[in-house]
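What follows is each chain in one-letter form.
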Amino acid sequence: MINDKLRNRGTVITIIMAVVVVIYILRLFSLQIVETKYKRFADSNAFLNKTIYPPRGLIYDRNDSLLVYNKPAYDITFINREIHGLDTATFCSDLNITLDAFKEKMKEVKDRDKNPGYSSFTPQVFMTQLDIRDIANIQQSMYKYPGFYIQTRTLREYRYNAGAHVLGSIGEVSPKMIEKDDYYKRGDFAGRDGIEYTYEKQLRGEKGVEIILRDARGRLKGRYENGDKDIAPKAGKNLKLTLDIQIQLLAEQLLAGKVGSVVAIEPKTGEILALVSNPTFNPSLLVGRERSKNYNLLVNDPTKPLMNRATQAQYSPGSTFKPFQALFGLQLGGITEGTRFACNGPSSWPIKCTHHHGSPVSLLNAIEQSCNPYFWNTFRSILEKDGYGDKNVNFKNNYDKWREAVMAFGFGQKFEDTDIYQQSRGNIPSEKFYDKYFGKTGWRANTIRSLSIGQGEVLVTPLQLANGLAAIANRGYYITPHLNKSDSMLTHKHKTSIDAKYFAIVDEGMWRVNEFGTGRAYKIPGVSSCGKTGTVQNNRGKDHALYVGYAPRENPKIAIAVVVENSGFGSTWAAPIASLLMEQYILHKIERIELLNRISTSRTNANVTDY
Amino acid sequence: MSRTISMKYALDWTTVGIYLFLVFFGWLNIYGASYDFDQSSIFDFSQRAGKQFIWILTGFGLAGAILLIDSRLYSFFSYLFYVAILLLLIVTIFVAADVKGSRSWLEIGPVSFQPAELAKTATALALAKFMSSYNYKLKTWKDLIPLGVIVFIPFALIILQQETGSALVFLAFMLMFYREGMKGLVLLLVVLAVVLFVVAIGFSQTFIQVDRGTVGMVMAMFIILLIQFCYAFFFNRHRKEALNLALGAGFIAVASYIVNIWVKVNYDYIAMGTVILSTVYWIIIEMFNRYKKYFLLAVISFGSLLFCFSADYIFNEVLEPHQQVRIKVLLNMDEDLAGAGYNVNQSKIAIGSGGFLGKGFLNGTQTKLKYVPEQDTDFIFCTVGEEWGFVGSSAVLLLYLWLLFRIVQIAERQRDAFNRIYGYCVASIFFFHLAINVGMVLGIMPVIGIPLPFLSYGGSSLWSFTILLFILLRLDAARRTGS
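Heads up: the sequence lines are chains A and B, in that order.
In terms of my numbering, the first sequence opens at residue 5 and continues consecutively.
In terms of my numbering, the second sequence opens at residue -1 and continues consecutively.
A portion of the hints provided could be inaccurate.
[Stated by the list, open to error] Under the rule of at most 16 Å between Cα atoms (straight-line distance), these lysine to aspartate or glutamate pairs were calculated in the EDC-like manner:
id : chain 1 : residue 1 : chain 2 : residue 2
1  : A       : K244      : A       : D68
2  : A       : K9        : B       : E410
3  : A       : K241      : A       : D68
4  : A       : K444      : A       : D503
5  : B       : K357      : A       : D394
6  : A       : K444      : A       : E408
[Unchecked claim] Computed list of chain B residues with no C-beta within reach of chain A, every gap over 12 Å:
id : residue
7  : L9
8  : I88
9  : K140
10 : M217
11 : N314
12 : L317
What the hints contain is simulated information worked out from the structure, not anything from laboratory work.
All values derive from a computational prediction rather than experimental measurement.
For every residue, glycine included, the Cβ atom is placed at its ideal position computed from N, Cα and C.
Work the whole structure out from these sequences, hints included.
Right, here's the structure in full:
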């Protein structure tokens, strides 16, 4: 051959070819096997993951009456990168918004100060929570607006204008919630308060995903693998509440025009039958696009309609504390069933009596007549039973025992094992508190005498009061009050430190209250009940009217606490409300129509707005 | 013996087999790439896969015809063919309609084709004819000049048609020149030029310190000094001279770094100055020691310096911004994913998402949803990568390598210089197409729109590659049949 000496150059050429091919294969290896990001890019490129929101669980009352359900709502979202050839004028007219509103909205969404998560590649919410009527036009012509999507979701609808505080509301998740729970994405909705918050995980269900193929121009090309890879949303679980909506509605009706609260509990089970706080508002006000506007309205109302007074307001229990005081006296050895104390009426010292009755007064009469001096003496006997001792040690010892007994009824602390959204602690002052306030030996029974009649530092919530009454009705225990109707709560049983035998005496006394005493005006027809009124002085005007009670006396089905702020006597304002509610609950009807109408229409606070 | 019967024994059936496999595989992938949700049959002649099927069948007819023609005619008519094609190219410039900015398509009735594709075959034949004439030998630089002219005329005409990609294919003949005696140094210089260009331009926006020089220029100069050092230290074993160079350059680097603390120093000029000093240094060594080994090194070094300087200057001062962008994308300087970098990025995503075994035939989401532009022509390898995975795409590359080896082998076994030179032309053209096309799709070569032989959709390219290959097979068969 002519070119023999150049033959090895053929080998060089084949080596060059081989090297290039090997480099390419290595490159393929790195692209296809080492790097995983391309797979992810490809997915986000080609797949439009459309979130399918599950219907939220429905909420029923204890009698399976539907309270909360869902209605469809629509969001208009867009992916900026995919918008092209948008006919803004037609788009706006289809959505029934002005061109300026469109520009304004777009500017807002793209403003990274207001919307830090903005990206032109991901769906952004353009308008949210639209009604079916709002989107009727645009739904037909969505194909004309590439890059825009309709996202279906559900909003809450309420069958009754009642229970706003208990039920709570749902709202858009905050950045904090997204950080805490990666289930949520921006724009999702979640329970923000009340039952919706407590049972969020149960009610929300599980979001589903519909995977839609999308081409490079953003056109949707149908479902991926015929929907085999889609994840169906799981509907939220329904929730059955312990509430009786009839009682709840009636209580709200009775409290209309007043500031106050009602808590009714079934003593045997700790189930809350009604939890009412007034002023209240229509729960549907906090749904949908008007939510933030209405929220601002409510939050700025000086009567604080957003506050759940039933669990968050703290009051001195006043005379409603006396049945408890009687129990502590009997159990801790301050008094016996036969103990009598002298009462000098209004000239009693150091605490005067506001009622007129014979003297010396017996325990039963003292409860019936709400005799202040009797309970002051009882309290003093408990504390001074062993004298004061060295550095008041014996006295303080007995104070601690008394305090423990009080707290065993659920006072002075939050219920930890419950599903109630927000509570206040109340206050049963500790030994330390008085030591700090008066000095270690600076306080004696006389110093803290107000506690004997439920005034002074002792503070309770209406919920705690109702629960205390349930414990009396149960003769010595309570089940943590709760809202979810589930038998599992029966194990949350808390015993008081009072022997069962002492409850009979107090029960008798409280029956007398309703039979002959301050509650006698509002007897439930044909039902014997026990109760106690309270009229509590406070520094904001008229006295608070309080009433606690349970019925029927023989087999208590309902324990109740009623507070009407700044209205006057407990016997005038709180007792009739409780009486009507117990009547409705036990007899399922109300005979005292005139009373019902009178209470429903009386207003004690001119500032209460009906939302 | 009749010709058809003897051809059965004389034909290189291995090559034919690889050819058939690639063509068939390409057809499947064109179907996959243009597959849509309202998909029609692979034989639907209104679709690309169906059309490709027609091109394939007519290609087979063409191949058969080529095999029937007497092998001597190819050599005999090669100049005529070359001139005819040149005329066709000229005509095309004036006649052709503007398709995406290029004027390279001739329309004859319903069929349109690119004369530029045939120009490769014609030039290969003309080169083979010229270089095999018995008074020609490729020995000196001067011998390259007529070859350059033969290559340059069609190259320039195709450039005028705005088909830069097709024109660049003519650079492939360098590989054949090398085989036929061109100095290896020329090939090495081309490689060096590419490396220096990539480094100097690629890092020309990366500053060591603002206003005090770029990483690109300093690195390019460092590469030149490194070549000098290696040449002296390892190749000529002049260790003392090499170490002196290293010490000197190191001293300049450290000194300028220290001076920079007080006085503003431009590292670009320091680095270029160092290379100039080193050039002077090697010339002095050459003169005093009579080594006669360093003059060329000094010339190449200085030439490289000028090359870097002018490339940098042209890039930054002469080129328009849109021209800069193309180079920036190529050199990964600028990740403009929505703009110029879009094709390559989508192509990498499509291939990368294929994984080890791929998504399966017709299951590629990226190509199916048209994320990859030109996915059945220039970017057909994306479909292969996405649907057949690492295994499939590597196998296709190895099959090409086999084909290239086979062509080189055929070329080397020719007794006739014409046949061998033509064979190397075929190998060089296929190799260039493969290297550029697959390199582009993989994101390691510039985006130059040239098809992948046999796989890409298109009648012109399939026909021209078929002609190119089967002329070689016919010439090879003649070696055995004697005609």
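Run the structure past the numbered hints and jot down the numbers of the failing ones, going up. As far as the earlier hints go, 4, 5 and 6 are violated by this structure, in ascending order.
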